[in-house]
Structures are given as structure tokens and as C-alpha cells.
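Asks: Sequence:
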Amino acid sequence: KNRNVVIVGLPGAFTPTSTKQIPDYVEKQDALRAKGVSVWTSPAVNDGAVMMNWAKSQRTALTMLTFLGDPLSQFTKATDLELTHEGPVGVLGPGRCKRFAMHVVDGVIEAVNVSEGEDDPAGDSDPSASLADGIMATMK
1 KNRNVVIVGL PGAFTPTSTK QIPDYVEKQD ALRAKGVSVW TSPAVNDGAV MMNWAKSQRT
61 ALTMLTFLGD PLSQFTKATD LELTHEGPVG VLGPGRCKRF AMHVVDGVIE AVNVSEGEDD
121 PAGDSDPSAS LADGIMATMK
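Residue numbering for the sequence shown follows our numbering, beginning at 1 and increasing consecutively.
These are calculated hints, taken from the structure and not from any lab test. Ideal placement from N, C-alpha and C gives every residue a C-beta, glycine not left out. Heads up, a few of these hints could be off.
[As the list claims (entries may be wrong)] In silico DSS-like pairs for lysine-lysine, Cα to Cα no more than 27 Å straight-line:
1. Lys1 <-> Lys35
2. Lys35 <-> Lys140
3. Lys20 <-> Lys56
4. Lys1 <-> Lys28
5. Lys56 <-> Lys140
6. Lys35 <-> Lys20
7. Lys140 <-> Lys1
8. Lys77 <-> Lys20
9. Lys28 <-> Lys56
10. Lys77 <-> Lys1
[As the list claims (entries may be wrong)] Restraint-style ranges between C-beta atoms, simulated for each label pair:
11. Glu86 <-> Ala34: 37 to 47 Å
12. Asp80 <-> Asp47: 17 to 27 Å
13. Val91 <-> Lys35: 28 to 38 Å
14. Asp133 <-> Arg59: 17 to 27 Å
15. Asp30 <-> Val91: 29 to 39 Å
16. Thr84 <-> Ser125: 12 to 22 Å
17. Glu110 <-> Gly90: 30 to 40 Å
Assemble the whole structure, with the sequences as input and the hints as a guide.
Replies: And the structure:
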């Protein structure tokens, strides 16, 4: 209760596009706060040790971001956001999550933006829907 959260799902830690997405949210955390967001979290289908090292590499220690590991894809599958296209799965392996941004208020999903296209199933070429401006555009 009384939580306004943005969840940013990524196919994997240390991937080129994911590593560009995190700085976008860090830069715009004041704008997120102005929209009432109290925390944003980023799950990826990696273990906790990988996520901890990725957080260090992204310099997120003094931000409102929390990295979360989803090594068994439980969150990814429960939210029906599993990346199943053979191209990215062939490179990253099965069970990865789609590139998305989700706005959740008091446990209710208000919006889900997925960055994907027919020729860009992982949203690498155009991640804009799942960037900070993309999800903030859905907020009232």
C-alpha cells in the first residue's frame, strides 16, 4: 500500500542496450519523483551476484534504483513478459524477459510498455517505450 513503483525489465545485465537504459533512469529520477514514484527496480534474469556487480558498474549506490535477480524467470513468467523469439533466445538463452517498463501503484499495474518490434524482438534498436520518458508519458 501507498507505493508508486516503476519496474524496468531487461533481457540481461551487462547487455549493451540494458547498460544504456539504466543511466536514462538515473538521469530522470527527479522527474520520476515529481510523478510520485518512490522507487524503481530493475529485475533481470541473472543471479544476485551478477546483479550486485552490475549495480556497482552502473554506479547506482546513491539512487532510488534497486537491482533484482530473477534467475529462475519466476517474475518474468508470472507477468507474461518472457522473451521467446528465437533470435535473442539463441544469443542470450531461454527464459529472458522482454525489455519493458511497468508502472505499479498500490499493487495495481497501471501501465506496461514493452520495447519490441517485428524486426527488433528485444527492443535493442528502439528501447524508447521502456525508457523513463516512455513510462512517464503513461502516468496521470
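Asks: Confirm or reject each hint.
Replies: Taking the hints in turn, this is what the structure says about them:
no., hint, verdict
1, Lys1 <-> Lys35, "holds (17 Å)"
2, Lys35 <-> Lys140, "holds (8 Å)"
3, Lys20 <-> Lys56, "holds (15 Å)"
4, Lys1 <-> Lys28, "holds (24 Å)"
5, Lys56 <-> Lys140, "violated (33 Å)"
6, Lys35 <-> Lys20, "holds (22 Å)"
7, Lys140 <-> Lys1, "holds (18 Å)"
8, Lys77 <-> Lys20, "holds (24 Å)"
9, Lys28 <-> Lys56, "holds (19 Å)"
10, Lys77 <-> Lys1, "holds (24 Å)"
11, Glu86 <-> Ala34: 37 to 47 Å, "holds (41 Å)"
12, Asp80 <-> Asp47: 17 to 27 Å, "holds (23 Å)"
13, Val91 <-> Lys35: 28 to 38 Å, "holds (34 Å)"
14, Asp133 <-> Arg59: 17 to 27 Å, "holds (21 Å)"
15, Asp30 <-> Val91: 29 to 39 Å, "holds (35 Å)"
16, Thr84 <-> Ser125: 12 to 22 Å, "holds (19 Å)"
17, Glu110 <-> Gly90: 30 to 40 Å, "holds (34 Å)"
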